[in-house]
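**Student:** Given chain A, put chain B in place with the hints provided.
Residue strings, one per chain:
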Amino acid sequence: MTTPSTASISAGPARTRTRRVDGALPVGGSRSAGYFFVALYAVLLILFGVIPTGYAIFLAFTKTGGGFAAAFNFTRAFSDFRFLPAFQHIAEFLAVWLSAEVVLILILALMLHSLASRTSAIFRFLFYMPGALAGAASVLVWLFMLDPTLSPWHLLLKGFGFSQLNLVLLPGHLPFVFALIAFWTGAGGWIVVMYGALNNIPEELLEAAKLDGANAFQTAIRIKLPLIKKWVAYMLILSFAGGTQLFVEPQLVGQASAGLVSNTWAPNQLAYYIAFNNDNFNEAAAISVILLVLGLIGATFLVWRTKLFEIN
Amino acid sequence: MEITKSSMHGGARSRSRRSVRLAAAVAFVVGASVISVGLGSTAANAASKPTLTIWYDTARKPMVDAYIKANPNVKVVAVLKDGDSNGDGTYQSAFALANRVGHGWPDIYFSEQNNDAASLSQPPFNDAAVLNKGLISSSVLSKFAHGSLSLCTFGGKVYCLRNDLAMNVLWYNPALMAQDGITSVPTTWQEWAADGALAAAHGDIIGTQGDSWDADVYYWGNKCPLSQQTSLGNLTIAPSSSNCTGMASLLDGVSRDALPVAYMFSSTFGSQYGGKIVFYPGASWMGGVFPGIGSCKSSNPDCTMAAGYPLKWTSSGQMVTGAIGGGLWFASSHSKNLKLAAAALQWFATNITAQGKLSPGYPAYGPDDAAFIATQNASGNYASPASGAPTLAQAFTVAANSIWAGWSAVPYANDQIWASSVVPSLSSGGTQAAGLGIFAAAATNLARSYGYQVKTK
Numbered sequence: 009m010t011t012p013s014t015a016s017i018s019a020g021p022a023r024t025r026t027r028r029v030d031g032a033l034p035v036g037g038s039r040s041a042g043y044f045f046v047a048l049y050a051v052l053l054i055l056f057g058v059i060p061t062g063y064a065i066f067l068a069f070t071k072t073g074g075g076f077a078a079a080f081n082f083t084r085a086f087s088d089f090r091f092l093p094a095f096q097h098i099a100e101f102l103a104v105w106l107s108a109e110v111v112l113i114l115i116l117a118l119m120l121h122s123l124a125s126r127t128s129a130i131f132r133f134l135f136y137m138p139g140a141l142a143g144a145a146s147v148l149v150w151l152f153m154l155d156p157t158l159s160p161w162h163l164l165l166k167g168f169g170f171s172q173l174n175l176v177l178l179p180g181h182l183p184f185v186f187a188l189i190a191f192w193t194g195a196g197g198w199i200v201v202m203y204g205a206l207n208n209i210p211e212e213l214l215e216a217a218k219l220d221g222a223n224a225f226q227t228a229i230r231i232k233l234p235l236i237k238k239w240v241a242y243m244l245i246l247s248f249a250g251g252t253q254l255f256v257e258p259q260l261v262g263q264a265s266a267g268l269v270s271n272t273w274a275p276n277q278l279a280y281y282i283a284f285n286n287d288n289f290n291e292a293a294a295i296s297v298i299l300l301v302l303g304l305i306g307a308t309f310l311v312w313r314t315k316l317f318e319i320n
Numbered sequence: 376m377e378i379t380k381s382s383m384h385g386g387a388r389s390r391s392r393r394s395v396r397l398a399a400a401v402a403f404v405v406g407a408s409v410i411s412v413g414l415g416s417t418a419a420n421a422a423s424k425p426t427l428t429i430w431y432d433t434a435r436k437p438m439v440d441a442y443i444k445a446n447p448n449v450k451v452v453a454v455l456k457d458g459d460s461n462g463d464g465t466y467q468s469a470f471a472l473a474n475r476v477g478h479g480w481p482d483i484y485f486s487e488q489n490n491d492a493a494s495l496s497q498p499p500f501n502d503a504a505v506l507n508k509g510l511i512s513s514s515v516l517s518k519f520a521h522g523s524l525s526l527c528t529f530g531g532k533v534y535c536l537r538n539d540l541a542m543n544v545l546w547y548n549p550a551l552m553a554q555d556g557i558t559s560v561p562t563t564w565q566e567w568a569a570d571g572a573l574a575a576a577h578g579d580i581i582g583t584q585g586d587s588w589d590a591d592v593y594y595w596g597n598k599c600p601l602s603q604q605t606s607l608g609n610l611t612i613a614p615s616s617s618n619c620t621g622m623a624s625l626l627d628g629v630s631r632d633a634l635p636v637a638y639m640f641s642s643t644f645g646s647q648y649g650g651k652i653v654f655y656p657g658a659s660w661m662g663g664v665f666p667g668i669g670s671c672k673s674s675n676p677d678c679t680m681a682a683g684y685p686l687k688w689t690s691s692g693q694m695v696t697g698a699i700g701g702g703l704w705f706a707s708s709h710s711k712n713l714k715l716a717a718a719a720l721q722w723f724a725t726n727i728t729a730q731g732k733l734s735p736g737y738p739a740y741g742p743d744d745a746a747f748i749a750t751q752n753a754s755g756n757y758a759s760p761a762s763g764a765p766t767l768a769q770a771f772t773v774a775a776n777s778i779w780a781g782w783s784a785v786p787y788a789n790d791q792i793w794a795s796s797v798v799p800s801l802s803s804g805g806t807q808a809a810g811l812g813i814f815a816a817a818a819t820n821l822a823r824s825y826g827y828q829v830k831t832k
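So the protein sequences, as listed, match chains A and B. Be aware that the first sequence starts at 9, since it is given in the working numbering, and climbs by one per residue. Be aware that the second sequence starts at 376, since it is given in the working numbering, and climbs by one per residue.
If you're looking for bench data, these hints aren't it; they were derived computationally from the structure. Backbone N, C-alpha and C define an ideal beta-carbon position, used for all residues, glycine too. One or more hints might be untrue.
[Said to hold, decoys possible] Computed beta-carbon distance windows for the label pairs:
1. B/V515 x A/M137: 56 to 64 Å
2. B/T563 x A/S171: 26 to 34 Å
3. A/A144 x B/F640: 15 to 23 Å
4. A/G143 x B/S642: 17 to 25 Å
5. A/A103 x B/K424: 28 to 36 Å
6. B/G621 x A/F89: 23 to 31 Å
7. B/G608 x A/L92: 20 to 28 Å
8. B/N712 x A/A264: 34 to 42 Å
For reference, chain A alone in the conformation it holds in the complex (with noise of 0.2 Å):
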């Protein structure tokens, strides 16, 4: 899952820091350190990011022996009978996934921000611990607060009915259960970010807002989310790309629950059993072509309706 990085969380403040302090570009050692910082990302994005890319594009136009496979990979891939059910689960996963996050973490973002800085800073350590765990090691946290006979929650857990990790598990269950891990997971992260986004916003525009008459929640509705908008859609983009990939949480649960969860319940873990369970490289780097396409689909999308790109 994506989490945002700590550079990105205290980008936001930071810039607008130098700027109001010298009101210049940085320069000089500055520049070059800039350049020195890109020039990491750049290597290590090439190297784990577009050489990987490449090459899964050239595997799925490739047949399995060698030579060029036109839309083969693909139609196989569309015409696995998982191919569907995998798509929609990962649809309602995302569906449930992303409004909780649109919804829960700016409520999180915006209720921090009207809080005293101290408190504030102590709710936002609180809410990132989560995310410093490793994914597969907070599937397990997860495992056992499911579970109802070993669940700190288990009262909670009975009282829904649940009194079995099977009944939990249902089918109709799943999309609900792995969003709930991965908000778990990233929500505390995008908080952060969130809430650095807030922090940019000229106190004197909350001012003039409070000074015209508007409450906490008018200014929060009116001012501060229309103005933190495109932070919303790098979450989005972010985690639109992210959770098509899910693969760790359904894996390991399944592993888990000895099969409760289809091994190819997710496009990613189809991908994996078709590339590893049938020693077939293509048709899965078809079906991880197709979700590249999706994620750069809801980019563009995102990107063009909230003008991310667009400098003020």
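**Tutor:** Relative to the frame of chain A, chain B by itself:
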């Protein structure tokens, strides 16, 4: 002045520093050469010792340790794997990668998946070495239990050795039977189902459903063709066969109090059902591992189970049974030392200490059976048989010869299909009859994706 002085002597000092450095460098080179000569001879010793990479699962650890001890001249690289349990494709993933990069294969490996031979011996993996063409003698192969190598044999070529048979028997608790008013060990499925009412009245159970191995116990055990390869590439998955529907309606007729939906290796099975299992149709290896049940040496008199014959459909009918797992030993055709690999393979699958004392399951290699039974009898894991019921040796021997051969290995895991498609249905109140249809639909799709022609009737 100080500065001038030092600059005056600087040249001499730096010269002396250079000589020191030179001396140090010479000393280092000489030292390193001496050390490398020493290391070289050690390396030569290590090189003369053949290396054998073994992939094994946790239950096989004592056997691997014993092999290492018994073969000091072999350098063993033992790698703990999950044994491809629940058909999670560990080995397929590993071989797909190894085949791609051209290295990384083991010499021998153990799999808990009976289906693995169908997959690993054939394209695209092509890893399992053919054993009956010079690697393992026919005199050894002929001593494996009749039919036990059928899971390993494709087109007359034997690709693996069976570790244990894992045939199903009827486990029963004599003390609980008496408490519940059950007077004799059931011999038919109908008697067993009828005893469910007595067991449930006392809060006890006669087995479980909703485990990934349901099909291996109930349907394989009643000759229900859910995975029957009639010829190469032709598979029968016929849930409407009377052998399947009959068993499904029998199971659906038993109250869920007596036959709950529960997973035996879940974290809480022991505490929930540990002392309440009157009967359990299950694999021969389960005797010592029923969760929550101590051994007979403990003070709890209700703690142990005895093995009965597999259940029959009618009292006059033929005795058939299924198997859960059993384990397979493979040699990799990519091994650089295939002769050594084959010898090790033979050791693991046939050695009397390995199979008779250290393996948890009934050996597929016939000559080790008596030693295994003796070990089990001495283990204290089993209760004394009820009056008129068979001894452990009788129950195991008869069951081992009753495994229905109409249940074939396929390159995908039937257990995985059952767990992910049928168990959720059973958990939410669905019937076994409905589960059969769900399983058949999922298995048919999967079988076709592997190129099988599937007959559903």
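**Student:** For each hint, tell me whether it holds in the structure or not.
**Tutor:** Right, here's what the structure says about each hint:
For the pair B/V515 and A/M137, the supplied restraint of 56 to 64 Å holds, since their beta-carbon distance comes to about 59 Å. Distance hint check for B/T563 and A/S171: the Cβ-Cβ separation is about 32 Å, which falls inside the suggested range of 26 to 34 Å. Checked against the given bound of 15 to 23 Å, the beta carbons of A/A144 and B/F640, roughly 21 Å apart, stay inside it. For A/G143 and B/S642, the hinted distance range of 17 to 25 Å is satisfied, since their beta carbons lie about 22 Å from each other.
A hinted range of 28 to 36 Å for the beta carbons of A/A103 and B/K424 is inconsistent with their spacing of about 60 Å. Judged by the Cβ atoms, the range 23 to 31 Å given for B/G621 and A/F89 holds: they are separated by roughly 29 Å. For B/G608 and A/L92, the hinted distance range of 20 to 28 Å is satisfied, since their beta carbons lie about 27 Å from each other. A beta carbon spacing of about 37 Å between B/N712 and A/A264 agrees with the range 34 to 42 Å that was offered as a hint.
Of the hints listed earlier, the one the structure fails to meet is number 5.
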